[in-house]
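Q: Sequence:
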Amino acid sequence: MQEAYDIQHLCTRKEDKSFDRKSARKEPKEILRHLIGFANADGGLLVIGIEDNGEITGFNYQKAHQPEEFIHALHNLQKMPIPVTYQQIEVVNSRGLADFVLLFEVTASSGRAITSHDDRVFLRSKDQTLELNFEQRLQLEYEKGQRAFEEQPIARADFTDLDMDLLEQYRQKLHTDRSIEEILKARDLINKEGQITNACILLFGNNPTRYFPNARLRFLRYEGKAPLTGRTFNVVKEFMLEEPIPKLLESAKAVLKSQLREFQRLDENGQFTKIDEYPEFAWLEGIVNAIAHRSYSNQGDCIRISMFDDRLEIFSPGGLPRPVTLENMYYTRFSRNPKIARVLYEFGWVKELNEGVNRMAEEMNAYQLNTPSYFEPNENAVRLILENNIEHRTLRALERIEEIFTQDIMATLNKNEVTILQYLYENEMITVKIASEILDRSKELSRRILKSLEQKNILTWHGLSPKDPTQYYTLKK
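Under UniProt numbering, the first residue of the sequence shown is numbered 1, with each subsequent residue one higher.
Since the hints were derived computationally from the structure, they do not count as laboratory data. For glycine and all other residues, C-beta sits at the position ideal for the given N, C-alpha and C. It is possible that some hints are incorrect.
[To be verified] List of simulated lysine-lysine pairs, DSBU-like, C-alpha gap at most 30 Å:
(1) K29 / K63
(2) K247 / K257
(3) K253 / K237
(4) K237 / K433
(5) K443 / K257
[As the list claims (entries may be wrong)] Ranges between beta-carbon positions, derived for each pair:
(6) A226 / R178: 32 to 42 Å
(7) E262 / M410: 21 to 31 Å
(8) P227 / A361: 20 to 30 Å
(9) L228 / I438: 15 to 25 Å
(10) T229 / T85: 48 to 58 Å
Based on the provided sequences and hints, a complete structural model is requested.
A: So, in structure tokens, the structure goes:
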């Protein structure tokens with residue numbers, strides 16, 4: 001049964017990745033590029049007989065091609081037909097005459113990229129249909145599953161490019177007495193001709209970036225809630241990790257662990273207990289998914305982890321692999337890199353598909369944090385956002401401090417002193433060095449601020465002497 005369309009909506013709808021309007025004056029063969037573009041993307045609707053500005057010109061005039069010409073043009077693709085249906089809708093054109101428009105409804109092609117009769121490939125992107133170059137065409141074929149990027153051999157690579165110690169670790173994980181070469185063949189990491197594949201280098205290469213320059217992970221920690229440039233540049237920590245995937249995961253885990261904050265909360269017994277800024281499973285699974293499922297054939301960017309005061313963002317090159325969407329990702333099973341995912345599963349990194357994504361949400365909710373958010377900032381990337389509750393913690397800390405201290409005492413405190421107390425509500429102790437960092441002030445000034453709070457009978461100093469390198473302050477009990 002064909003779908004009923006509202007002609008007014010077809011005239012006013014914004015042209016985008018899945019919708020376009022064309023005049024019936026267009027050459028029928030030219031229309032094919034748009035149908036191919038839709039098929040190679042996510043499908044779409046093409047209306048013939050409505051101008052770009054929404055005017056209904058239809059087919060009832062001398063310069064218009066007949067609908068049969070557009071339909072017949074599809075025969076040029078008999079060797080690789082487009083998954084398309086068509087229908088005519090009766091309308092009154094802009095001249096007040098009875099007329100009709102022609103609709104082509106295109107379904108996304110499955111398992112292959114559609115090419116034109118002269119071997120050209122088109123792809124719909126935003127409101128344009130683009131012709132792909134050789135590299136872009138390869139990328140599309142990988143995305144469609146027509147080619148398997150993991151299986152492609154690297155002619156220049158040999159066994160001297162492989163990390164034998166890491167391979168031995170893998171062999172031990174498998175509890176097998178097979179040789180390294182036998183294991184690699186069994187996992188299709190070297191082909192029948194003995195050639196080393198892309199997946200093999202990414203997993204076990206001594207230097208994967210030699211062949212894949214952006215097979216890297218970049219970590220950036222920002223001071224604040226947004227990246228700034230120029231004189232206000234606010235990156236305070238940066239790491240660039242370039243290793244085979246299992247080692248890359250270990251290093252990324254260590255880096256994140258070193259940068260995450262710890263907070264305190266009161267448990268049911270009224271005692272302070274430490275709690276992580278984010279549940280470890282959530283952020284680690286986010287990193288694992290980015291590394292295991294990114295598009296390695298998309299070599300224009302690397303994985304990026306950005307840490308802000310209020311959130312953690314994990315950016316992964318390559319959009320969600322079809323048939324996964326933002327709407328069905330919690331229950332749809334698909335892996336872009338099944339060979340890489342299998343090895344990481346055997347290493348103990350990758351969970352069963354969907355199990356990890358669902359548990360991430362559960363862990364975040366158990367910490368009373370928002371469910372992880374996934375976005376596609378463009379057609380070739382996925383961004384995961386984990387939000388902390390630093391603003392609520394700060395507000396609760398201030399409220400708690402105001403409960404502990406009288407209004408008269410609070411009135412004597414300046415902004416820097418309140419910041420120190422907020423920090424101490426979430427942490428057991430503070431040093432001059434830490435105070436200097438959180439206040440962005442000199443150590444000497446920070447020392448004077450701490451001493452002032454001590455003199456106000458708010459803090460207690462701990463140390464053997466004024467020069468004791470281990471001295472620190474706590475809230476007075």
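Q: It remains to establish, for every hint, whether it holds in the given structure.
A: Comparing the hints with the structure gives:
Simply put, K29 and K63 have alpha-carbon atoms about 16 Å apart, close enough for the 30 Å limit, and the pair holds. The straight-line distance between the Cα atoms of K247 and K257 is roughly 15 Å, inside the 30 Å bound, and the hint therefore holds. For the hint linking K253 to K237, the alpha-carbon distance of about 15 Å falls within 30 Å, and the restraint holds. Between K237 and K433 the CA atoms are separated by roughly 17 Å; this keeps the pair inside 30 Å, and the hint holds.
For the hint pairing K443 with K257, the CA-to-CA distance comes to about 26 Å; that is within 30 Å, so the pair holds. Between A226 and R178 the beta carbons are some 52 Å apart, a value that contradicts the proposed interval 32 to 42 Å. A C-beta distance of roughly 26 Å is found between E262 and M410, which places it inside the suggested range of 21 to 31 Å. Between P227 and A361 the CB atoms are about 27 Å apart, so this pair conforms to the stated range of 20 to 30 Å.
L228 and I438 have their C-beta atoms about 19 Å apart, which keeps the hinted 15 to 25 Å range intact. At about 50 Å, the beta-carbon gap between T229 and T85 stays in the expected band of 48 to 58 Å.
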